[in-house]
Amino acid sequence: MTRAAWPAAAVVLALVPLGLSRYVTTTLTEILIYAIFAMSLDLLVGYTGLVSLGHAAFFGIAAYTVGLLSAHGATALALTLPAGVAAGAAAALLVGVFALRAAGVYFLMLTLAFAQMAFAVAHQWAGVTGGTNGLAGIARPAVPGLDLGPPVPFYYLVFILFVAAAWLLRRIAASPFGAALVGIRENEARMRAMGFDTFRLKLGAFVIAGAAAGLSGVLFAYYNGFVSPDVLYWTSSGQVLIMVLLGGAGTLAGPALGAGVVLVLQNLASSYTARWTLILGAAFILVVLAAPRGLVGLLTGRWARSS
Amino acid sequence: MTFYVLQALNGLAYSMLLFLLAAGLSLIFGLMDVVNLAHGGFYMLGAYLGLSFVRWTGSFWVAVVLVPPLVAAGGFLLEWEFLRPLYRRTHLDQILLTFGFAFVISDVVRWLWGAEVQSLAAPPGLDRSIPMLGTLFPAYRLFVIALGGALALGLWLGLSRTRLGAIVRAGVANKEMTQAMGINIAAVFTGVFAFGTGLAGLAGVIAAPIQGVFPGVDFETLIVTLIVVVVGGLGTLTGSFWGSLLIGEAETFGKTLLPEAALVVIYLVMAAVLLVRPRGLFGGRTR
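Chains as they are written, first to last, in this note's numbering: chain W, 581 to 887; chain R, 35 to 321.
Check each hint, because a few of them may be wrong.
[Said to hold, decoys possible] Stretch-level coverage of chain W by chain R, calculated; a stretch enters the list once three of its residues show a Cβ under 8 Å from a Cβ in chain R:
hint	stretch
1	661–667
2	696–705
3	759–767
4	774–781
5	859–865
[What the hints assert, rightly or not] Now the in silico label distances, taken between C-beta atoms and shown as ranges:
hint	chain 1	residue 1	chain 2	residue 2	range
6	R	Leu126	W	Gly707	37 to 43 Å
7	R	Gly159	W	Gly717	56 to 62 Å
8	R	Thr124	W	Leu674	55 to 61 Å
9	R	Val310	W	Leu595	35 to 41 Å
10	W	Leu674	R	Leu126	23 to 29 Å
11	W	Asp777	R	Met35	50 to 56 Å
12	W	Gly707	R	Val99	51 to 57 Å
13	W	Thr607	R	Leu126	53 to 59 Å
[What the hints assert, rightly or not] Some, not all, of what chain W presents toward chain R, calculated at C-beta under 8 Å:
hint	residue
14	Ala693
15	Leu825
16	Val844
17	Tyr852
18	Arg855
Since the hints were made in silico from the structure, they are not lab data.
Computed from a prediction, not measured in an experiment: that's the story for all the values here.
Every residue, glycine too, gets a C-beta built ideally from N, C-alpha and C.
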């Protein structure tokens, strides 16, 4: 995306709830939450070349953190938001230390394994997590002087945090640290030979991605009003990976767009036909064959892809 | 004691099914660096085709003979039409493409055969239980163990003792060099891909009387198979074999001895193996 596209998109997104229906506002809220989630994964997949199939772990752990805190009466956003983000980051640090010892498909499978373990804990430890039923009745957060309950104020909360996350992730991607991550993606052995501690760089990226996924998990818990083990299941990790790749990995704007396309397709298709999975699969095949750089690559006309 | 022996046999039957799946997936990866995420879809396709053939012809054995080539034809089509143009692109593209096909197969099967759980009876003669150790054990599971063992032996002999096997091994070791020796590597790719998916289809038919047939079995199976392949080490037949045994037994014993931890036992085993050997038990080569 070009430089002008970001501010333009931000202005449009800021004005949307004023003119459109409650349904559109709610859908857009969900899209922005998943856009943060997808952009966080893009830092790993698109920039660092680490394909994770367990990213839902950090999203889900943060969502459960909010669920548990609000079940014990803690509703202040000033408390739950940092707590959720910290939980996502801490879980990512723990998983990263182990999973980053492996590479490629092995890394992918290790992240999957850790996410499935988190799923099993949420599923089995019914006394704390509510088991299959999950944690229900999460009220929208309290901020002094403002009721975030109704769709429009809540949309603006999500919107502001989306802008902040997008800005921050773009800054990180454009920093020397981000350049080092791209270096690892292109040739890790050479980066190591040049004296970079690639393990620590990758771990840093993993923790940042976990924190950002945690942010989206916090917002999702409030958006949905309840958390169940499904948010941790591997299909959740698969869905966000699809958003990243469909939109265009390594562009940040692409995964955000991918989140929108997948969720809109899902909403539209599932209200007209039961063949939603078929449509998603076919869309996927088409993108791989016809638009190797994802939807963003298609839009900006940059076809060449380094391999 | 009897309990443990019977569970070990149950685990062995499950392991053999896993081996049929893992062998194909691992060979395909070893040769063309493609993790075929549609592998579970081909397995499910095999199971449902088997179901239909048994209903039409009344014979389980007709299904066992006809389904694998049909599923292999599907694999052939996927490789020939869609995967082939992508070999020059990144591995991610190929994985993504097979992921798209996994979704398509999953939904087409649900469309054609419905979403309810269906079952397939074991064929006549094998649909009884055999007295063993003072109790009864299903004859069909013994058949699965024998068939799986025979196929494992056959695959190993084929790969290590025949000319074709030598070509495939050469392709795994070094594609460019194999091609330079005058081998049509593209044809080998297509052949191995079709063969591997055919094995997955066979596993689907064979597994149907034990596991039942239901939508969602494709992704469940895919994940377990990936775990087996990763534990054993990608691209090695030996690894697939021992990985299947380890995961098959771990899952079977986990379910009966630690039902509350059943969901994680195989993931724990995989994590433990990968933390000690990041390339799996037999995956020594660097990639």
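Consistency of the hints with the structure:
| no. | hint | in the structure |
| --- | --- | --- |
| 1 | 661–667 | violated (count 0) |
| 2 | 696–705 | holds (count 6) |
| 3 | 759–767 | violated (count 0) |
| 4 | 774–781 | violated (count 0) |
| 5 | 859–865 | holds (count 6) |
| 6 | R:Leu126 - W:Gly707: 37 to 43 Å | holds (41 Å) |
| 7 | R:Gly159 - W:Gly717: 56 to 62 Å | holds (57 Å) |
| 8 | R:Thr124 - W:Leu674: 55 to 61 Å | violated (30 Å) |
| 9 | R:Val310 - W:Leu595: 35 to 41 Å | violated (56 Å) |
| 10 | W:Leu674 - R:Leu126: 23 to 29 Å | holds (26 Å) |
| 11 | W:Asp777 - R:Met35: 50 to 56 Å | holds (53 Å) |
| 12 | W:Gly707 - R:Val99: 51 to 57 Å | holds (53 Å) |
| 13 | W:Thr607 - R:Leu126: 53 to 59 Å | violated (29 Å) |
| 14 | Ala693 | holds (4 Å) |
| 15 | Leu825 | holds (6 Å) |
| 16 | Val844 | violated (17 Å) |
| 17 | Tyr852 | violated (15 Å) |
| 18 | Arg855 | holds (6 Å) |
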